[in-house]
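Undergrad: Given the coordinates of chain D, assemble chain W onto it according to the supplied hints.
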Amino acid sequence: MSLWVDKHRPRDLMKLDYHKDQASRLKNLVQQSDFPHLLVYGPSGAGKKTRIMCLLRELYGSGVERLRQETMNFTTPSNKKIEIMTVSSNYHIEVNPTDVGIHDRVVIMDLVKNVAQTHQIDSSGQREFKVVILNEVDDLTKDAQHALRRTMEKYVATCRLILIANSISRVIPAIRSRCLTIRVPAPTENEISSVLLGVCKKEGLSLPTELAIRIAKCADRNLRRALLMCEACKVQQYPFTPDQKVPEPDWQLYIKETASMILSEQSPKKLGEVRQKLYELIIHGVPPDVVFSGLLCELVKNCDMAMKCQVASHAATYEHRMRLGNKAIFHLEAFVAKFMAIYKKFMEESLGDVF
Amino acid sequence: MSDYPDPDEEYELMYADDLELLKEHEDIEPNIVKRKPLPAKRSLDFSSPVTKKLPVITDSTQENDDNRIPLSLTPNLQYTEDSLTPAQSNKRTADELFGDIDDIDFDNVELPSKRQKTEEETDLELINKIVESRKLKQMLLEPSNVQRKFESVFNAKENLSLDIPRWPFMPVTNSDGERVYVRFESEDAWDQSLETSTNHHSLHSMYTKTWDEARQMLQKKQEEEQIRQSQELLPEVIVDVNSNNLWVEKYRPKSYIDLLSEEPVNRALLHWLHLWDKIVFKKEVKTTEPQQRNSFSKRTGQFQLSNKWRGKREAEPELGEDGRPHHKVALLCGPPGVGKTTLAHLLARIAGYRPVELNASDERSTEAFRTALQSATLMRSVLDAEKRPNCLILDEIDGAPLPTVELLVKWCTASAVEGKKKAKSQPLKRPVIAICNDLYATSLRPLRSVSLVIHVGGVSLSRLSSRLQRVAACEGVVARPRVLAALAARAQGDVRAALHALSFTARRGLTQMKMEDVEKLSIGNKDCSKSLMQALIAVFTAGEGDIMKTVQAAGEYDRLIDGIFENYLSARVDSRLRIACETLSWLRLYDLVYSWTLRGQNYSLYGLLPMCIARCHTILATKATLKLKFPMQAHEVQKRKSELESIVKSVWRGSSPSVLLTLTPLRLDLIPLLPYLLNPTLRSANVQLCSEREREAVRTCAAAMCDYGLQYVQQRTDEHLYAFVLEPDVHKAAFIGNEEKMKPPPPVRQAIAREQQLEIIRRNEMMATRVNTNKPGPSEAKSTNDKKVTLVPAKEARLPNHLQRLKPKDVDKTPQVHKDFFGRIVPLSQVQRSDAVPDVISSSNVFYQYREGFNNAVRRNVRMRDLL
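The listed protein sequences correspond, in order, to chains D and W.
Those letters in the first sequence? Residues 1 to 355, by the UniProt record's numbering.
Those letters in the second sequence? Residues 1 to 868, by the UniProt record's numbering.
In case anyone wonders, no lab produced these hints; they're calculated from the structure.
Incorrect hints may appear among the rest.
[Said to hold, decoys possible] Derived BS3-like pairs (lysine-lysine); straight-line CA-CA distance at most 25 Å:
1. Lys81/D <-> Lys254/W
2. Lys743/W <-> Lys256/D
3. Lys641/W <-> Lys256/D
4. Lys743/W <-> Lys732/W
5. Lys649/W <-> Lys80/D
6. Lys256/D <-> Lys732/W
7. Lys629/W <-> Lys269/D
8. Lys741/W <-> Lys245/D
9. Lys429/W <-> Lys270/D
10. Lys649/W <-> Lys549/W
11. Lys410/W <-> Lys429/W
12. Lys270/D <-> Lys627/W
13. Lys7/D <-> Lys649/W
14. Lys269/D <-> Lys732/W
[Claimed, not checked] Covered stretches of chain W (chain D as the covering partner; in silico rule of three or more C-beta atoms under 8 Å from a C-beta of chain D):
15. 171-183
16. 331-343
17. 444-458
18. 609-617
19. 628-642
20. 724-737
[To be verified] Beta-carbon label-pair distances, calculated as ranges:
21. Thr76/D <-> Met611/W: 31 to 37 Å
22. Met611/W <-> Thr158/D: 50 to 56 Å
23. Lys245/D <-> Tyr606/W: 52 to 58 Å
This structure is a prediction, so every number in the text was calculated from the model and none was measured.
Ideal Cβ positions, reconstructed from N, Cα and C, are used throughout, including at glycine.
Chain D with its partners taken away, still in its complex shape (with noise of 0.2 Å):
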């Protein structure tokens, strides 16, 4: 716990540094003893998990702060061996089932099961009930969701969970009135920078406010980003100047890089080697609608606005398809095509007019 991210993470509900209401409402909920499910959702790095880990502290002492990591073994119906590492304290297990990949299902089922049927050997002076936080709901195959509203109700009375995700939009329905929702919006730049602030004076150093601000607009209103590059920033030069250079991510300026090499020419030779660049992007870990969205965030950015719609459906349709579908490189070149022939037929008028 020696990054800034972890070392300065706060644990108690008081202590966090913003939407104070909704965790003083938190705490209430806690104290009257019975919580229902909860589906905490908001982008990432806006702090769900901090916020769960308070919830949990509250709800147990700092007991759940002794986590041990353990793997745990599953079969599936076809007889696979699957693994999966779990994160769990006396009172809590945390898994991501995702992990499994298609056989998220299973481990819901065995996993959640095996939970919620033991109870608590010690009830007094404890909450009967464990938690289970799942990870990445929304991401979760539609059998897997299915398998968890059964399961929610029936072991209600030893379990609760916890899950975590970014949209509520891919998250069944069944589920989503099951719980009790809980958004967590990002946290505004001028929220991120003050954070930024805070935690220098902890540490004792001095951040300009400028320098703050220009990180907290690089970090794309993600709190966890913006503290580690704050922290780069410190390791590469101290004592700060405003006006110094911020690491970003490489995938995020190899994203800008790419869209300024699709405005700049469009042929089907540039499109072969933008398709290069999105590969490399994919092979690299970065999802394909994280691409979508960074592309097309820095491509409508030299169109008009009638254009801008246009550009915009056009990804929105292209990345529905992509989720359906296998190939997401398909489905990323077919949109940087789409925007090349746009872009074209428009920079053609354009110039017609002018001539």
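TA: Frame of chain D; chain W shown alone:
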């Protein structure tokens, strides 16, 4: 004027009377009149005719140029015009002038020797001869088509009259009683008219009908003759049935001339076989110089073909330094039934070998194969009177297992280490011919690179049909040439299938083969599986049969789609990217359907997949030949992705639970920034000399590495130095392209590594103290108690050796209960009374205890103070 007749004159000379022939010529001369391929429907073809290549100008045309240019009035202008629009120029190549000269028998037209006459004369003479002989041929072949140039001189209207004419006449009364006056003619005039009629009235044109009739009669006669012959031959055929002699066997080519395969192919193999002569027959091999070969082939009109099979190998020496051919194995490949095996056997025999065949019916395990190879290549037959050396023919090698092929390759390439190794691995000294259908079978991959690959194509239609005709004549099957031609076309170059079909008809007792028999045959449309590459080429080539069939024959839609995806951008001119968008929309549809099919295991829409590909074909197909790439990219991407994924996963597994993230944020946020965090800027190398802040930085860095399970590992570099390498290599996953970015210099790495080791020790210590000293704060009391259930075993196992203390084992202090033989409890007093002696023993501090398998049964507690 020019040496050649004016085109118009020549036209009169040659083409006036055979318009039909002219049509044929248009088909035959595609290389002269280069027709520009029609622009594809969607493409925007900006290429002007100017950029087109000039047709190859032969020598004679150049002469033509030389003669013509000084004569023309505006030489320069004309010249440029000519060069710009070659298709419309007046100049014509020799081929154009003569048309296809192959159909003229050059034996009759003797080639004039160049020494005697000047070139121009010879050319002129040649032209005349060609024109004459062609006319002759036309007359003989198609008499009916010869146009009459002169009208009949004898005209009834002019020479007969019902009235009394003015010219001299002779009155004649006809059968009806009418008077007719016939003109008198002078004897000279009569002679003249007679002469003209005999001269100009072609005999043939007069008797076209008769000619036809005669021909028909002849044909009929011939047919009858054949039927009669076949009836005579019938008993013989039955004998054949008994001896089970297939026609394919019976009419197998017996000599080089009989071979149906293409001449260059035959020659290539024969040439290769003769290259072995030096090593096998101790005879000097004449390796023809490339120059000679070229001129030789030019004369036979096979310049292009011979270039094709030798092409790029021209530069290579054909013989290795040990006198063996450069390629030790000849690999014949081609579709089934074209005569590869026959070719190999026949040529081996012609070259003086005894062919030894090894095919799929023989066992082909490595062991069996080795013995076969040894016996075939190292020994020779004793029984054979001629003492011919063996030539091993490995038929159907594409079905052989991979180890076998590898053995063969090793055997062939053994020569390089000949000197060093024992005699056991003798170099190959006999030719080996391997035969396969599919050159690109996976097991053949090692062989392909070391062997001379000879493609045996399908037999040409005309040769096959003429051969069928001969066989049919021999066997007495009556079949029209037209029928046989149809059969040959149906067989698609498969000699075996065609012959079998013919023999089948004969065996059914039919003596005549009709058109409908051929149509009913099931050959030709066999279930031919196409390779992926063939299908891919078909997708990108316009107008090649049924694309759906090809695609379905190839299967592997997924690879095919990948292939299309990798190649479609270069397929057509597409400046507005419309084609790209359209193609991609179909590729996307394919992806959707395919994923849906796989996800639900519901194959009801599977039939849609080839349609997507077929649609891509209609969008992308062109006449131009493309250089297609084999779809490898998707696979490579997958490979590299999993490689980087494993790095991310190992960071994920290694990170301690308190800082654990899910994979996506790890990938997107932490790992890309981690290299920056692990690169502290230090002034000097030695940590002791650093300022407090720098030491702090190093310590943070080391702690972070501990948290995320990273460590610097010493690895030996190429310069025999030890270097610290980060394990797992986060840099690789963090940066795209420039992996070397942000790597700390070696001294810093060393400092961090040292610091990290200290950090690990520090952490262990902390852990140990937490476990050992059971004095937690009041708040932690409960949690440590809980921890005992689960945590303690794990923690104890982790305790370092030197911290573990030996603990005395607790002795069981339960009072002993004495039991008798039957298990009843004996009262203590009774025990004491009966067992006085054991009591003494038990009270002494030396005791015996029997343990199975334990030999130091005597134990005694000895105290330290007793010894001192």
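Undergrad: If a hint holds in the structure, say so; if it doesn't, say that too.
TA: Structure-based check of all given hints:
no. : hint                              : in the structure
1   : Lys81/D <-> Lys254/W              : violated (64 Å)
2   : Lys743/W <-> Lys256/D             : holds (24 Å)
3   : Lys641/W <-> Lys256/D             : holds (21 Å)
4   : Lys743/W <-> Lys732/W             : holds (11 Å)
5   : Lys649/W <-> Lys80/D              : holds (21 Å)
6   : Lys256/D <-> Lys732/W             : holds (20 Å)
7   : Lys629/W <-> Lys269/D             : holds (16 Å)
8   : Lys741/W <-> Lys245/D             : holds (15 Å)
9   : Lys429/W <-> Lys270/D             : violated (55 Å)
10  : Lys649/W <-> Lys549/W             : violated (45 Å)
11  : Lys410/W <-> Lys429/W             : holds (14 Å)
12  : Lys270/D <-> Lys627/W             : holds (19 Å)
13  : Lys7/D <-> Lys649/W               : holds (23 Å)
14  : Lys269/D <-> Lys732/W             : violated (28 Å)
15  : 171-183                           : violated (count 0)
16  : 331-343                           : violated (count 0)
17  : 444-458                           : violated (count 0)
18  : 609-617                           : violated (count 0)
19  : 628-642                           : holds (count 5)
20  : 724-737                           : holds (count 5)
21  : Thr76/D <-> Met611/W: 31 to 37 Å  : holds (35 Å)
22  : Met611/W <-> Thr158/D: 50 to 56 Å : holds (54 Å)
23  : Lys245/D <-> Tyr606/W: 52 to 58 Å : holds (54 Å)
Figure legend: structure checked against the earlier numbered hints; hints not met, in rising order: 1, 9, 10, 14, 15, 16, 17, 18.
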